[in-house]
Each structure stands twice: as structure tokens, then as C-alpha cells.
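Here the protein sequences come in this chain order: A and B.
In case it helps, the UniProt record's numbering puts the first sequence at residues 1 to 652.
In case it helps, the UniProt record's numbering puts the second sequence at residues 1 to 349.
Simulated from the structure, these hints should not be mistaken for laboratory data.
Note that the structure is a prediction, hence the values are computed from the model and not measured.
Hints may contain errors.
What the hints assert, rightly or not - Quick partial rundown of chain B residues pointing at chain A, CB under 10 Å, derived from the structure:
| # | residue |
| --- | --- |
| 1 | Leu90 |
| 2 | Asp96 |
| 3 | Ile214 |
| 4 | Gly336 |
| 5 | Gly341 |
| 6 | Trp345 |
For glycine and all other residues, C-beta sits at the position ideal for the given N, C-alpha and C.
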Amino acid sequence: MTSQVSSPAEQAVPAEQPSGAAAAPTPVDASPPSAKEVRRLDRVIIRFAGDSGDGMQLTGDRFTSETASFGNDLSTLPNFPAEIRAPAGTLPGVSSFQLHFADHDILTPGDAPDVLVAMNPAALKANLADVPRGGEIIVNTDEFAKRTMAKVGYATSPLEDGTLDGYNVHPVPLTTLTIEALKDFGLSRKEAERSKNMFALGLLSWMYHRPTQNTEDFLRKKFAKKPQIAEANVAAFRAGWNFGETTEDFAVSYEVAPATSAFPAGTYRNISGNLALSYGLIAAARQADLPLYLGSYPITPASDILHELSKHKNFGVRTFQAEDEIAGIGAALGAAFGGALAVTTTSGPGVALKSETIGLAVSLELPLLIVDIQRGGPSTGLPTKTEQADLLQAMYGRNGEAPVPIVAPKTPADCFDAALDAARIALTYRTPVFLLSDGYLANGSEPWRVPEPDELPDLRTRFATGPNHTLADGTEVFWPYKRDPQTLARPWAVPGTPGLEHRIGGIEKQDGTGNISYDPANHDFMVRTRQAKTDGVSVPGLEVDDPTGEADTLVLGWGSTYGPITAAVRRVRTAGDHIAQAHLRHLNPFPANLGEVLRRYEKVVVPEMNLGQLATLIRARYLVDVRSHTQVSGMPFKAAQLADVLKEAIDD
Amino acid sequence: MTEALKLVPKAEAQQTMKDFKSDQEVRWCPGCGDYAILAAVQGFMPELGLAKENIVFVSGIGCSSRFPYYMNTYGMHSIHGRAPAIATGLATSRRDLSVWVVTGDGDALSIGGNHLIHALRRNVNLKILLFNNRIYGLTKGQYSPTSETGKITKSTPMGSLDAPFNPISLAIGAEASFVARTVDSDRKHLTEVLRQAAGHPGTALVEIYQNCNIFNDGAFEPLKDREQAKEAVIRLEHGQPVRFGAENDKGVVRDRATGDLKVITVTPENEGDLLVHDAHAASPTTAFALSRLADPDTLHQTPIGVFRSVDRPVYDTQMADQLEAAIVQKGKGDLGALLAGNDTWTVAG
Numbered sequence: 001m002t003s004q005v006s007s008p009a010e011q012a013v014p015a016e017q018p019s020g021a022a023a024a025p026t027p028v029d030a031s032p033p034s035a036k037e038v039r040r041l042d043r044v045i046i047r048f049a050g051d052s053g054d055g056m057q058l059t060g061d062r063f064t065s066e067t068a069s070f071g072n073d074l075s076t077l078p079n080f081p082a083e084i085r086a087p088a089g090t091l092p093g094v095s096s097f098q099l100h101f102a103d104h105d106i107l108t109p110g111d112a113p114d115v116l117v118a119m120n121p122a123a124l125k126a127n128l129a130d131v132p133r134g135g136e137i138i139v140n141t142d143e144f145a146k147r148t149m150a151k152v153g154y155a156t157s158p159l160e161d162g163t164l165d166g167y168n169v170h171p172v173p174l175t176t177l178t179i180e181a182l183k184d185f186g187l188s189r190k191e192a193e194r195s196k197n198m199f200a201l202g203l204l205s206w207m208y209h210r211p212t213q214n215t216e217d218f219l220r221k222k223f224a225k226k227p228q229i230a231e232a233n234v235a236a237f238r239a240g241w242n243f244g245e246t247t248e249d250f251a252v253s254y255e256v257a258p259a260t261s262a263f264p265a266g267t268y269r270n271i272s273g274n275l276a277l278s279y280g281l282i283a284a285a286r287q288a289d290l291p292l293y294l295g296s297y298p299i300t301p302a303s304d305i306l307h308e309l310s311k312h313k314n315f316g317v318r319t320f321q322a323e324d325e326i327a328g329i330g331a332a333l334g335a336a337f338g339g340a341l342a343v344t345t346t347s348g349p350g351v352a353l354k355s356e357t358i359g360l361a362v363s364l365e366l367p368l369l370i371v372d373i374q375r376g377g378p379s380t381g382l383p384t385k386t387e388q389a390d391l392l393q394a395m396y397g398r399n400g401e402a403p404v405p406i407v408a409p410k411t412p413a414d415c416f417d418a419a420l421d422a423a424r425i426a427l428t429y430r431t432p433v434f435l436l437s438d439g440y441l442a443n444g445s446e447p448w449r450v451p452e453p454d455e456l457p458d459l460r461t462r463f464a465t466g467p468n469h470t471l472a473d474g475t476e477v478f479w480p481y482k483r484d485p486q487t488l489a490r491p492w493a494v495p496g497t498p499g500l501e502h503r504i505g506g507i508e509k510q511d512g513t514g515n516i517s518y519d520p521a522n523h524d525f526m527v528r529t530r531q532a533k534t535d536g537v538s539v540p541g542l543e544v545d546d547p548t549g550e551a552d553t554l555v556l557g558w559g560s561t562y563g564p565i566t567a568a569v570r571r572v573r574t575a576g577d578h579i580a581q582a583h584l585r586h587l588n589p590f591p592a593n594l595g596e597v598l599r600r601y602e603k604v605v606v607p608e609m610n611l612g613q614l615a616t617l618i619r620a621r622y623l624v625d626v627r628s629h630t631q632v633s634g635m636p637f638k639a640a641q642l643a644d645v646l647k648e649a650i651d652d
Numbered sequence: 001m002t003e004a005l006k007l008v009p010k011a012e013a014q015q016t017m018k019d020f021k022s023d024q025e026v027r028w029c030p031g032c033g034d035y036a037i038l039a040a041v042q043g044f045m046p047e048l049g050l051a052k053e054n055i056v057f058v059s060g061i062g063c064s065s066r067f068p069y070y071m072n073t074y075g076m077h078s079i080h081g082r083a084p085a086i087a088t089g090l091a092t093s094r095r096d097l098s099v100w101v102v103t104g105d106g107d108a109l110s111i112g113g114n115h116l117i118h119a120l121r122r123n124v125n126l127k128i129l130l131f132n133n134r135i136y137g138l139t140k141g142q143y144s145p146t147s148e149t150g151k152i153t154k155s156t157p158m159g160s161l162d163a164p165f166n167p168i169s170l171a172i173g174a175e176a177s178f179v180a181r182t183v184d185s186d187r188k189h190l191t192e193v194l195r196q197a198a199g200h201p202g203t204a205l206v207e208i209y210q211n212c213n214i215f216n217d218g219a220f221e222p223l224k225d226r227e228q229a230k231e232a233v234i235r236l237e238h239g240q241p242v243r244f245g246a247e248n249d250k251g252v253v254r255d256r257a258t259g260d261l262k263v264i265t266v267t268p269e270n271e272g273d274l275l276v277h278d279a280h281a282a283s284p285t286t287a288f289a290l291s292r293l294a295d296p297d298t299l300h301q302t303p304i305g306v307f308r309s310v311d312r313p314v315y316d317t318q319m320a321d322q323l324e325a326a327i328v329q330k331g332k333g334d335l336g337a338l339l340a341g342n343d344t345w346t347v348a349g
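Let the hints inform the model, and build the full structure from the sequences given.
Okay, structure coming up:
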């Protein structure tokens with residue numbers, strides 16, 4: 001099982017982590033298999049792969065949940081096609097879920113799976129290249145019929161023709177075993193077969209000593225209205241566990257101890273990026289003491305935020321599913337005028353449609369959050385895959401000079417804090433703000449230390465309540481464009497406030513009075529003032545991680561590449577090289593010290609999942625010739641490959 | 001006060017038209033029909049007796065969309081076609097406001113057609129004033145989605161090819177709960193329609209025929225010329241037989257063969273067959289048939305007045321009800337409990 005011997009590359013303290021020294025796990029309800037050998041590992045990467053109708057995402061979610069409650073650190077990577085049910089048994093229809101879990105702090109879902117569960121020939125073919133030789137492969141042999149193999153181009157059975165030589169293969173007739181286990185349930189063959197994913201989950205749960213009670217509770221709750229199906233799934237799950245316990249093919253099981261030392265004290269849960277972002281929005285509204293209003297149109301991979309927020313009406317959250325992307329942001333902007341914390345959620349194509357309204361929000365100077373869960377582009381692109389290629393769209397994608405602050409979360413759990421930060425900027429500066437997440441963060445998950453509400457920042461803001469200007473004749477008036485001298489924010493006077501009746505609009509306004517103005521000097525002043533307001537947004541200085549102080553190379557990232565970059569940096573340092581790392585949360589404005597940080601290093605590497613958009617901004621702004629490293633495969637960077645890129649730069 | 005406005009605070013003192021005039025110079029072309037509509041709206045507002053800070057006018061782009069600048073209320077001059085969407089966000093989040101949308105035929109029916117039909121089907125508490133001049137004025141005279149087929153304009157030197165929209169038919173087809181038509185120059189009729197629209201719970205669409213004296217002058221002349229109007233205009237009044245004509249000798253009856261409506265010359269024998277207008281009819285069929293009576297080219301037999309006014313659940317009311325129901329079912333949101341969820345573990349310090 002050489003593949004399951006940990007590489008130290010992702011360990012926070014690589015040299016001091018002998019795998020046997022970890023504290024013994026304390027499985028809550030899964031007694032360790034008695035007669036079989038148990039080996040200890042410090043980390044494992046498992047990939048479940050099957051047809052898009054096989055329930056692989058659910059299987060992965062359950063394994064993740066078991067793993068989280070056991071106390072491992074973890075990181076996940078769901079990967080599925082855009083089609084809801086692609087043709088069965090085909091390569092495009094393969095759906096997979098990768099989970100990396102460890103007894104220590106980890107940063108990515110892992111480069112290559114140690115264990116592949118392949119539910120059919122297509123799943124095997126689509127994923128085999130990612131599994132290193134020596135890796136374990138559990139295949140559902142029932143699906144390896146001539147016809148299904150031919151469908152994906154296997155002329156002979158890969159189970160027999162030597163294709164899998166060098167792998168540690170466990171052939172398991174998963175379908176037959178599941179049907180056999182459920183024969184007393186009075187289900188049709190087709191119905192019984194559908195529980196084969198739970199059989200596989202049971203088997204893997206046995207292999208890795210996962211607690212099982214939560215999954216059984218989950219199944220009974222999920223199928224509460226169909227108790228027969230619930231019990232069948234529980235039975236399949238247990239049958240899988242027992243199969244591992246009894247069959248000789250599985251001689252060894254593994255322990256991965258809880259990652260007790262990786263986490264500061266606190267209460268933890270597992271959370272995905274979209275869920276963390278949704279909670280961040282609810283928390284921001286509470287901290288601002290404003291009602292939350294979401295105007296949105298369904299789009300992958302952002303729709304889950306609409307779904308989630310629509311569940312929390314008891315927090316006063318209004319969700320409006322609009323007729324299109326434009327109406328989604330339009331309604332949000334209308335609610336912002338009325339004094340709500342207003343949000344619109346979308347992905348790249350939706351941002352394109354919303355551009356004109358974002359420009360209006362820039363002109364109206366009202367708070368508005370635009371959440372862009374980036375996906376592969378251009379056009380429809382890759383709806384279910386990740387990319388960071390909307391940075392320049394967020395930065396510049398509007399007519400006229402229309403600056404918008406940009407905030408980017410770096411991990412799934414960080415989406416919570418990033419949402420609060422984006423709300424802070426929007427409310428303080430009365431401006432639309434982009435929150436740039438992506439598909440990798442949205443669907444990936446990791447443990448999150450649950451904050452207490454009283455730890456959260458105070459986001460309360462003030463509405464205008466009375467006149468703010470005195471005319472030469474002594475008359476007190478309200479000027480909608482008279483700015484706060486510090487923030488340059490204009491007053492937020494909401495309808496219903498007597499005496500402050502005023503009109504705003506996208507047509508250029510006179511400074512102060514807000515009356516329509518075509519005066520050349522006024523327009524020049526207003527354009528520069530809006531830019532100055534954005535440039536003046538308060539963002540923390542960029543922190544640089546350079547433990548030895550001897551590095552001459554800096555790696556600078558933004559957004560969701562934090563995990564892979566940090567894992568790569570650990571590999572480089574473990575190998576004895578020096579490298580400095582910094583990660584941008586604020587893309588507009590940049591931290592004030594960014595230029596100084598860039599000039600401190602001889603070489604700056606900027607990895608991005610686009611063709612060099614941050615690199616373009618940095619070169620233009622700071623005249624620093626950064627080394628752009630790019631990947632647009634729809635998948636996150638792999639730590640090992642990034643480490644090679646960094647090493648090459650260091651040695652250059 | 002009606003259901004539509006019961007949550008909107010009332011003015012403390014008697015208001016006058018002057019209270020609703022902003023300090024901005026009105027900049028429409030001299031002679032534009034928009035002046036008359038502005039005066040009618042400003043003149044009508046005091047009758048509503050609402051606190052003017054709780055009134056909001058939202059517009060899109062076009063000549064008519066400058067309207068909010070001239071009203072001394074809250075207002076937003078937004079972007080082309082999007083006013084119904086923006087107003088929906090405002091009205092659904094602030095039920096204490098009286099929200100009005102001012103739009104034109106290009107704004108509402110061309111670039112903003114999608115938002116209009118969805119606002120109508122949702123029945124958000126909005127009053128939409130659609131100034132229809134059958135031309136693009138602000139861009140200097142291209143044909144609009146309500147221009148008659150064959151219209152010669154700068155962009156259609158050989159005549160336009162599109163069949164026009166009939167805004168009333170469109171609105172009825174989009175499930176509108178209140179649909180009316182009036183004319184800029186008939187202050188009394190315009191005010192009466194505004195009165196009924198303001199009191200309607202839900203979305204009210206008011207099409208206002210408005211003369212553009214620069215690019216489409218006289219477009220509604222048959223309805224405005226005193227003599228011609230007698231034959232061209234059919235005034236709809238709820239509960240009254242539908243009849244018109246210089247001698248009041250024409251009327252609308254249902255054609256028993258086709259079920260459609262047709263115009264007849266009224267005689268003592270057939271007088272009893274005349275259609276009695278029922279704006280509150282549950283079925284939109286007859287209102288739709290009335291909307292088809294007019295000849296789109298000559299405008300003869302053009303009904304004006306309230307075609308349809310029915311009670312339907314109001315979107316913003318139901319949205320608010322769901323929020324209240326959620327609190328009853330689940331209790332007021334507890335952020336700490338939400339963040340923790342059901343599946344946590346503890347790491348000791």
C-alpha cells in the first residue's frame with residue numbers, strides 16, 4: 001500500500017509527524033474490526049466516481065460528514081457534468097467526489113487519489129490516469145459487461161487485460177451484493193440497485209473506521225416519507241460495512257487520527273463555500289441591523305445561495321427570484337434605495353447581463369453586493385467547473401469610468417468572513433462591491449470554527465435624518481451628493497424620511513445638489529471623485545509569509561488558489577528552498593503596501609486560473625514584471641505541479 | 001383608504017399641487033403631452049393625502065422618464081427598461097411606500113418588455129404609467145413597438161415592417177389585474193383613471209396616449225378632435241352599456257356566431273343586446289375583446305377607461321406573510337444556532 005504512505009508535503013510541521021505518534025482515534029460507534037490488520041495513516045485521498053445518476057455526490061457528502069464529525073481536517077472537490085443526467089455509462093456522464101482527510105492541517109482536496117471507487121467502466125476510464133501506480137481501486141464488477149465497456153472504448157476488460165497491473169484492485173460485485181442484501185425488502189431490482197452507493201459508502205466507512213450512526217440517522221431522515229427505502233439504504237450501508245469486515249479481499253483497514261493539534265480550540269462544523277457565503281450575508285444583515293434582500297436568477301454554481309437564503313425567512317430575509325439576471329440586480333438595487341442590505345448572486349454570464357445596472361449603482365452610490373461565483377467561460381463555458389477569469393470583468397466590465405471594490409474569499413469557510421467584509425465596504429462607502437468566489441470554493445468544503453455572533457464586526461450604518469447643507473440665504477436643505485469628507489460616501493436617505501425627498505439617477509449629477517448636470521468641469525470632478533472614493537476604501541495591508549526572510553521569490557495569489565499555492569509553498573520549503581507567500585483578498589483597491597511588497601522580491605510568481613488577469617493588473621499598476629503561471633482546465637491547481645513551477649522560478 | 005395604500009402614512013396637513021412640484025425646471029419640448037400628464041399627476045396627488053416622503057417615482061429612459069425629477073417626492077431615474085424591476089425591489093421591501101413607475105412605449109414594451117409582463121403577472125403593488133406616443137422621441141424619431149406598420153421614420157425610410165403591440169391586449173395577456181387607457185389631453189378622464197389605479201391593490205397598468213408634437217404630431221388626433229372623437233372614442237364605464245357616436249347611436253354587442261365583439265347601430269330593438277361593461281369580470285376574455293376593437297391605423301373605435309380591475313393576491317403582501325409565517329413556524333432567527341447547525345464537534349484548548 002505504498003500509495004497510502006503520506007508524503008510530508010502538505011504538513012504544517014513536516015518533520016515532526018511520525019504517523020504512528022498520532023493520538024489513537026476514538027470512533028464513536030464504529031468498533032474497530034477485530035481480526036484484521038489495522039494500519040495508521042496520516043492522510044488519505046479518496047475519490048468516488050460513477051454515473052451522474054449513481055449518487056456519488058451524496059456518497060461523498062456522507063463520507064465527508066462522517067469524517068468531519070470524527071475530527072479529521074478535510075478538504076473536498078466535487079466534480080460533476082453540467083447535464084443533470086448525461087447518457088448512462090458514458091464518459092461525459094461521469095460524476096466524482098474527491099475527499100482529502102488527515103490527522104493534521106491540510107489545504108487542498110489532494111492532487112491524486114490514493115483510493116478510487118469506480119462504479120462503472122466510464123468512471124474507471126475517466127479517472128484512472130489520476131491514480132498513481134500502487135493505488136487502490138475498488139471496481140463494481142457487475143457493470144463491466146461487454147456492452148458497457150464498449151461504450152467507453154474498452155475492447156477487452158480492463159479488469160483482465162493488464163490495464164490495471166500495478167494497481168491494488170478490489171473487484172467487488174457491488175450491484176449483486178446490494179440486491180442480495182435487500183432481497184427481503186420487497187423492492188424491485190431497479191429500486192434495490194439504487195442503494196449500491198450506500199453499499200460502497202459502508203465498505204469505505206469500514207476501511208477507514210468512520211463513525212456510522214450519523215449516516216444511518218441521515219438516511220432515515222432523508223427518506224422519512226418512504227420508510228422502506230430508508231431501511232433498505234441503511235441495510236445496504238451496513239452490508240457494505242460487514243462485507244469489508246468479513247471478506248478476505250480486504251485484509252487491512254486504516255486509521256486516520258483526528259487532527260486535534262491542527263485546530264485552535266472551538267466548536268467546528270464542516271461547511272461549503274456557498275453555505276458559508278449565505279451565512280455571511282445573513283450575519284452581515286444582522287450586524288448592520290438591516291433587512292437582507294436578495295434579487296437573483298438561477299445560475300450554476302450560484303443557485304445554492306438563493307436556495308439557502310430562501311430557507312431563512314424567519315431572519316427577515318427576502319428572496320426574490322426574478323425573471324432574468326437584470327431584474328435580479330434591479331430589484332436588489334431598488335431594495336437598496338429603500339434601505340435594505342441588498343444582494344444579487346450570479347456567475348459570469350449573469351454579471352455580463354447585470355453590467356449596466358452595476359454602472360447605475362456606481363452612479364447612484366448605493367450599497368449593493370454582487371456575488372459572482374465564477375465558472376469556466378467565455379459564454380456558457382463550463383457551468384460546473386471552476387475558473388478565476390471574471391477578475392477583469394469585475395474590474396472593468398462597464399461603460400464609462402465605473403470603479404467597483406472587489407473582495408475575494410480564499411477558502412470555502414473564508415466565504416463567511418469575505419461576505420461580512422464586502423458588506424462593510426458597501427455600507428461604509430455606499431457603493432456596489434463585487435464578491436468573487438468560484439465553483440471550487442462554492443462546492444468544496446472544509447472544517448470551520450463556528451464564530452459566536454458577538455465576535456462579529458459591528459456593521460451598523462446611519463441613514464440621513466435631516467438637512468445637511470445651509471444655503472447662502474440660510475435655508476437648510478438636503479443635498480444627496482454632499483459627501484462625508486473621510487469616506488467620500490454620500491448620505492443614504494431612504495424614502496419615508498420627511499424633508500429629504502430627492503431624485504437620483506444614472507444621468508450625471510451635480511456635486512452636492514444631485515441635480516442633472518452636463519457641466520464639463522463637474523463631470524470631470526464627479527468621475528475623479530468616484531474613483532477616489534474606491535481608491536480610498538480601507539483595506540488591511542498585505543501580509544507576507546516569509547519565515548526565514550531569505551527568499552528572493554514571492555508567490556502572489558488571490559481567491560481560491562490559496563489552498564493549492566500554500567500546499568505548494570510547504571512542499572518547496574520542505575525540500576529546503578526559500579519562498580515568500582502573499583495572498584490578496586482585496587483586488588480593488590489593492591492593499592496600500594502591495595507595491596512595496598512586490599519590489600522587495602527579485603522574482604514574483606502569480607498563479608491564476610485564467611490567462612493572467614491579476615498579472616496584467618499588477619504589471620500595469622506597479623510596473624513589476626511578474627511571472628504569470630496560468631491554468632484554465634476547469635480544475636484547481638495541483639500542489640505538486642505548482643511546487644515545480646515555484647522551484648523553477650527560485651532556481652532561475 | 002383602500003387596501004392598496006393602508007400601510008402608507010398619511011400627510012399631516014392638507015396638500016396642494018404645489019407641494020408636489022420640485023424645484024427643477026421642466027425640460028420637455030414646448031407643447032409636449034408630458035406637461036399635461038405631469039400637471040394631472042401633481043394635481044391628483046393631494047387627493048391621495050399620502051405623506052409625500054412615502055411616495056416614490058421610478059422611471060427608465062426616454063422623454064417620459066424625466067418625470068421623477070419634476071415630482072417633489074423620492075425618485076429614481078434609472079436605466080432603459082428596468083424601472084419595473086427596480087420598483088419591484090423597492091415595493092416588495094417597503095410596503096409603507098406608494099411606488100409609481102413612469103415609462104414609455106419604447107422603455108416598457110421594447111427594451112423592458114420582459115420586466116413589464118413579469119411585474120404584471122406577479123401583481124406587485126406598483127402603479128405603472130405608460131406614456132404611449134408611438135415613437136422614439138429622445139433618440140429623435142425612430143419607430144417604436146407601438147408604431148403603426150409601414151411607419152416612415154429615420155430608421156425605416158421605406159416603412160416599418162413590424163406589427164405593433166397593443167399594450168392593453170399585452171397587459172391582459174400577461175395576467176394584469178388592472179388595465180386602463182386614457183389620453184393626455186383629457187385631464188378629467190386621466191385623473192379619474194389615476195384615482196382608480198391608485199386605489200387598486202396590486203399592479204395597475206395605465207396606458208396614456210401622449211402626443212409627441214416633434215416626431216409624431218397628431219398621432220391621436222382622431223381621439224382628440226372634438227368632432228372626430230365622437231365617432232372614434234368609446235368610453236368604458238363599469239356597469240354601463242358600451243355605446244358611443246355623435247348621436248350615441250353606436251354600441252358594442254357580442255356576435256353570437258363568433259363570440260367576438262362587434263359594433264352595431266343601436267336601435268330600440270337591439271338596445272337590450274348592448275354589452276354592459278364589467279371591469280371586475282373574473283374572466284379577461286371580454287376585456288381582451290374590447291382591447292381589440294380599435295383600428296390600429298385610424299384609431300377608430302378606441303375604448304378608453306378601465307378595461308379590467310380585479311382582485312388578485314398581491315405579491316408583496318404574500319411575501320411579507322411568508323416572513324411572518326416563517327417566524328411563527330420556526331421562531332425568530334437565532335444567528336448563533338444557524339451558524340452552528342446540527343453537526344458540530346469541539347476541539348478543546
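Do the hints match the structure? See the list:
{"no.": "1", "hint": "Leu90", "in the structure": "4 Å, holds"}
{"no.": "2", "hint": "Asp96", "in the structure": "6 Å, holds"}
{"no.": "3", "hint": "Ile214", "in the structure": "20 Å, violated"}
{"no.": "4", "hint": "Gly336", "in the structure": "5 Å, holds"}
{"no.": "5", "hint": "Gly341", "in the structure": "5 Å, holds"}
{"no.": "6", "hint": "Trp345", "in the structure": "5 Å, holds"}
Against the hints set out earlier in the document, a violation occurs for number 3 only.
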